[in-house]
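Peer 1: Sequence:
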Amino acid sequence: MKKFIYQFIFLSIATTTVFAQATISPAKPQNQTIAIVGGTIHIGNGKVIENGTIIFSNGKITEVKEGNSQPQGIMVVQAQGKQIYPGFIAPVNDMGLVEVESVRATRDDAETGSINPHVRSLVAYNTDSRIIPTVRSNGTLLSQPTPQGGLVSGTSSIVQLDAWNWEDAAYKADMGIHFNWPTSRAGGGGRRFGGPTLSEEQQKERYQNQIAEIKTYFAQAKAYSEQNPTIINERFEAMKGLFNGTKKAFVNVSKQKDIIVAVKFFEDFGITPVLVGAEEAVDITTFLKEHNVPIIMYKSQSLPDNTDDDVYLPYKNAKILHDAGLLIAMSIDGYWQQRNLPFMAGTTAAYGLTKEEALATITSNTAKILGIDDRTGTLEVGKDANIIISTGDALDMRTNNIEGAFIQGRMIDLNNVQKQLYKKYADKYGIKAD
Numbered sequence: 002m003k004k005f006i007y008q009f010i011f012l013s014i015a016t017t018t019v020f021a022q023a024t025i026s027p028a029k030p031q032n033q034t035i036a037i038v039g040g041t042i043h044i045g046n047g048k049v050i051e052n053g054t055i056i057f058s059n060g061k062i063t064e065v066k067e068g069n070s071q072p073q074g075i076m077v078v079q080a081q082g083k084q085i086y087p088g089f090i091a092p093v094n095d096m097g098l099v100e101v102e103s104v105r106a107t108r109d110d111a112e113t114g115s116i117n118p119h120v121r122s123l124v125a126y127n128t129d130s131r132i133i134p135t136v137r138s139n140g141t142l143l144s145q146p147t148p149q150g151g152l153v154s155g156t157s158s159i160v161q162l163d164a165w166n167w168e169d170a171a172y173k174a175d176m177g178i179h180f181n182w183p184t185s186r187a188g189g190g191g192r193r194f195g196g197p198t199l200s201e202e203q204q205k206e207r208y209q210n211q212i213a214e215i216k217t218y219f220a221q222a223k224a225y226s227e228q229n230p231t232i233i234n235e236r237f238e239a240m241k242g243l244f245n246g247t248k249k250a251f252v253n254v255s256k257q258k259d260i261i262v263a264v265k266f267f268e269d270f271g272i273t274p275v276l277v278g279a280e281e282a283v284d285i286t287t288f289l290k291e292h293n294v295p296i297i298m299y300k301s302q303s304l305p306d307n308t309d310d311d312v313y314l315p316y317k318n319a320k321i322l323h324d325a326g327l328l329i330a331m332s333i334d335g336y337w338q339q340r341n342l343p344f345m346a347g348t349t350a351a352y353g354l355t356k357e358e359a360l361a362t363i364t365s366n367t368a369k370i371l372g373i374d375d376r377t378g379t380l381e382v383g384k385d386a387n388i389i390i391s392t393g394d395a396l397d398m399r400t401n402n403i404e405g406a407f408i409q410g411r412m413i414d415l416n417n418v419q420k421q422l423y424k425k426y427a428d429k430y431g432i433k434a435d
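Here the sequence shown is numbered in the numbering used here, starting from 2 and rising by one per residue.
Be aware that one or more of the hints could be misleading.
[Stated by the list, open to error] Calculated lysine to any residue pairs in the SDA-like style (CA-CA distance at most 20 Å, straight line):
| id | residue 1 | residue 2 |
| --- | --- | --- |
| 1 | 300 | 205 |
| 2 | 48 | 286 |
| 3 | 29 | 83 |
| 4 | 48 | 328 |
| 5 | 256 | 305 |
| 6 | 300 | 320 |
| 7 | 317 | 271 |
| 8 | 205 | 286 |
| 9 | 320 | 286 |
| 10 | 300 | 375 |
| 11 | 265 | 236 |
Since the hints were derived computationally from the structure, they do not count as laboratory data.
Taking the hints into account, I'd like the entire structure generated from these sequences.
Peer 2: Here it is as C-alpha cells:
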C-alpha cells in the first residue's frame, strides 16, 4: 500500500510538471507576404549574406538578396544586427514518443518483439508534448521521431514541430526503417540493446544468432517485394521501400568491424545505409568514403567510446569525418536533450569545423541525409520558409536567443513552460525578466 502511495505521489508531481504549461496553439497558415530585413543570413550551405533580406509568401521563400531595402505593401520584420538561419533539424530521437521517462504510461517509443519494421512512430507522435515548445524555442523546427529496440525497430517519419495532431505534423511520412546492428564485441549488445553483460562465448553465440535472423528476414522480405502476394504480410510490406529506394535504412552501429559488416550486408541488397552513432567510423574513413556512406553522429559533448582514445576525440570526430569527404549530421539520442542540438554543433566548430560547416550538420547536411533537401535545410528560393531569428550566435549557448521562428511561413509561438516559470518567479522575487 505504501509503495502504491509513493507511486501515486510521484505520478501526480510528474503530471503536474508536465501540464503546468498553458496551451500554446499552433500558428495559422501564412496569409501575407513577409520580409525579414537587415539581418545576417546564414544560407546553410556555407554562404553568408551580411545585411540581407529574405522574403517569403504562402510558406515558400521567394527572394533572398543583399541589402535592406524596405519592400512596400508587405509585413516587414526588422532584423538589423541579428542572425537568420534555416530551422534546425533533429534526426533520430524519441521526442514526442516519451514524455516522462520514469512513467511507463507516457512512453511509446518501443514495441515488444525483435523485428517490427511495420511499426510507425508517426501515429504515436504526441504533438501536445510539453517538451516540444522548449526544444523549438532553441531553434529546432523539424524532427525525426524514431522507434527504439529490437533488431528492426520500426519506421520513422519527419515532423514539423507546430501542429494540432500527427497528420498535421507529418513533413515526410514513413521515410526510413531503423536497425540495431548486432555487435561482435564481447560485453554487451550495442547502444540500444541494453541487458546484462555477456561473456565472450555468450556474446559470440548471440551475435551469430542475430546475424542469422536478420539475414533470413531480409531474404524473405526481398523475395516478398518481388511478388504480388494475395495475402498481405505487414512486416514484409513495410520493407518494400528499402528495395525500391523510397525508404532509407538507418543502422545504429558503433564498432568498426560491425560497421564494415553492416555496410557490406546492406549493399548486397542494393541499399546504401545511413550509419547512426558509428563512434569508430573515424578509424575507417577510407572504407566509408569508398562506399559513400552518410553518418548521423551522436552528441559531440560526451566521453570517448574507448578508454585509450583521445579524451577530446568526440569533439574532433566531425572534423575528421568532414575532412575525409563524408556527409555528416549531428544528433542526440533521447527527447528533451534535443534542446541542446545547436550547442553540440557549436562544439564541433570549436574543434576544427568552421561555423558554417558546423551549421550544416544540423541543417543542409541533415536534410540531404533524410531526403528532404528539396524542401528545407537551406534558405533558398523555392524552399519552405523554415526560418529562425536569433539575437546572437544560435550555436553558442551563451548568446543563443531565438526571438522569432517560422515553420512553412507561419510565425510560431516561442513560449514554453520554462519561460513561464522564469517569469513567475522573477515576478515573485522582483527580478527583471527579459
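Peer 1: Hints first: check each against the structure and report whether it holds.
Peer 2: Status of each hint after checking the structure:
Under the criterion of a C-alpha separation no larger than 20 Å, the hint pairing residue 300 with residue 205 is inconsistent with the structure, at around 29 Å. A distance of roughly 27 Å separates the Cα atoms of residue 48 and residue 286; the hinted pair therefore is violated under the 20 Å criterion. Distance restraint check for residue 29 and residue 83: the Cα-Cα separation of roughly 25 Å exceeds the 20 Å cut-off, and the hinted pair is therefore not satisfied. Restraint check for residue 48 and residue 328: the C-alpha separation of about 18 Å stays at or below 20 Å, so the hint holds.
Among the hinted pairs, residue 256 with residue 305 is consistent with the structure: their alpha-carbon atoms are about 13 Å apart, no more than 20 Å. The suggested pairing of residue 300 with residue 320 holds, with an alpha-carbon distance near 14 Å, which does not exceed 20 Å. With a C-alpha separation of about 32 Å, the suggested pair residue 317 and residue 271 falls outside the 20 Å cut-off, and the hint is violated. Using a Cα cut-off of 20 Å, the hinted pair residue 205 and residue 286 is violated, with the two alpha carbons roughly 26 Å apart.
Between residue 320 and residue 286 the alpha-carbon distance is near 12 Å, which keeps this suggested pair within the 20 Å criterion. Proposed proximity of residue 300 and residue 375 is contradicted: the alpha carbons are some 26 Å apart, above 20 Å. Under the criterion of a C-alpha separation no larger than 20 Å, the hint pairing residue 265 with residue 236 is inconsistent with the structure, at around 23 Å.
Of the numbered hints listed earlier, those contradicted by the structure are 1, 2, 3, 7, 8, 10, 11.
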